[in-house]
Amino acid sequence: MAATTADGNKVDEAVGGEKSKMITLKSSDSEQFEMTREAAVMSQTIQHMIEDDCVDSGVPLPNVGSKILAMVIEYRNRHVDASSDSAGEKEDLKSFDESFVKVDQPTLFDIILAANYLDIKGLLDLSCQTVADMIKGKSVEEIRKTFNIKNDYTPDEEEEIPRENQWAFE
Amino acid sequence: MEFDGMDALPDGVVQSILSQLSNARDVAACSGVSRCWRDCVPFLPALYFPRSAFDAAGAGACADDAIGRMVEAAARLEELVIYCPFSSARLPRWLAMRSASLRVLELRVDSAADKAAAAASGAGSGHLDCIGVVSTLQELRLWGLTMTRAPSWGQLGRLRVLEIVGAHLEDLAVSGAVYACPNLTDLALLGCECSGAVNFTLPLLERCRLDFVGSGSCALTLAAPRVESLEVQGFNWIVLQGGDRLKRLTIAKNTGSVYSLGIERLPVLEQLSLRGVQWSWGAVSYLLQCAAEVRHLVMKVEFCGDFDTLQPFPEVDLVEFFNTHPKLRRFEIHGAMFAALCQKNSLKNLDSRFSISSLEEVLITVRSPLNAEQKLITLESLVCCSPRLLSMVIRISQMKNCHEASDEFFEEICKFAHVNKGRVRIE
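Sequence order for the protein chains is A and B.
Residue numbering for the first sequence follows our numbering, beginning at 1 and increasing consecutively.
Residue numbering for the second sequence follows our numbering, beginning at 1001 and increasing consecutively.
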């Protein structure tokens, strides 16, 4: 893993010998985003790409659109800065996280997919928990409706289920 | 990216989402949504059955069947919490199914049906023996238990946290239960009816709370060399082996008396609290001696006396008291114990060189106007001799012998507070 000297310069073994602090990320719609290497490696996927030496002209992310990539970068920059243990900072970070996930459903799922693809555990946990909170307390029908889920049970199977879990549907 | 709905999410992601759910109702609802969701149930790490989970459906067989089905489906279950009524006869099977993965188990075992069956068959706590098969268990919490004999748990070597709340325990039974958990770091027995003598040897114990209620007398012997925080209520005799790491100690007895304490030494004790109706004076003074390094002291005992006769406290020399507890920063003292600091001879050693150098906060409860003058002098001395004093709060509660003397006393205290405004206030 790259070492960091006191003044923040990263000793670089990957990018052709250059000392480079910034990494370029390219979204699926070809927009370019710059971020610090430190923040970039919060994504395990990107970290591996850097180690495998394929980031000369930027990191291509064909699965992530620019809108979502911008949000993910914002999340990572915020979390990379917050390294202190103070209670105040933790509160601030918590508020940030709470507002971060107050988005519409399509965006939320896009964030989940991006966090999954980029392998960013903190963001994946946060966004999954948000969806889980939306599921809590709902009936089967309500869940299907909220998330537009196709019911793939056969009619026979469907009859069995309510009988088994009748108690949950009262 | 086009939004195709949750159906477009990869299975692994759906699993991550559903793994955040543990409430049994939510899990049951999810398994009815679609096949894919139902297939995620085996990956759930936790199941929680709230008290009212089966209220609508009517408990009994329905509840047991549903619990059994869900526990069986959750192949990697780590946490199981059952607050709703269930038949303890089914418990062995459920635990056996998950004995390789279960880490946390919490059960409400006070179902009326069980009690009746147990009483009929004479079994004390046989239905809890099955917990012994869960060798991976790290945390165990039991509510509403009746334990008349020690459960056959063998050795729950991985168990770190044991909590029993609201239970009827035989002393030998609970000693035996704790004996089966030698590696506990946290032990809490709260609201437990128990009398006799309990004996715990726990070399790794760090935090311990024991709250024993009930009318019989009770003795505690605790060997816990690593304990850092200890709170006990309800014991007449206490022996503690190993106070070397103890930082916080509370000994209380809400009814009856504390007769004796056996404690070796408390070299790092920071917080000490003595509470109760009656303590033997020997026990009080011995404990105060051990607690020379204490920074935060609460003393709230109403009477002393070695037998059943309630007696007032002997006088306490104020100078000696503060000299033997030089690190005292926060001090709380109530009623009769405060009166003991205000006896005629309590201030005889007071001179200009005396200083209570660390004292910052004081809370005093005054109950009676007896000896009013002496009490005021003591309050004044405390303020004068404590250069670091930030706040003194005087609580005047339920003045006994309510008549003129009380009113006068109250006025004097108000004057005193006024003169020392900023540092002294009345509640």
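One or more hints might be untrue.
[To be verified] List of simulated lysine to any residue pairs, SDA-like, C-alpha gap at most 25 Å: (1) A:K150 x B:K1348; (2) B:K1348 x B:A1372; (3) A:K136 x B:V1041.
For the record, the hints were derived by calculation from the structure and aren't laboratory data.
For each hint, the structure was consulted:
For the suggested pair K150 (chain A) and K1348 (chain B), the alpha carbons sit about 87 Å apart, so the restraint of at most 25 Å is broken. For the proposed pair K1348 (chain B) and A1372 (chain B), the alpha carbon gap of about 17 Å is at most 25 Å, so the pair holds. Under the criterion of a C-alpha separation no larger than 25 Å, the hint pairing K136 (chain A) with V1041 (chain B) is consistent with the structure, at around 15 Å.
Of the hints listed earlier, the one the structure fails to meet is number 1.
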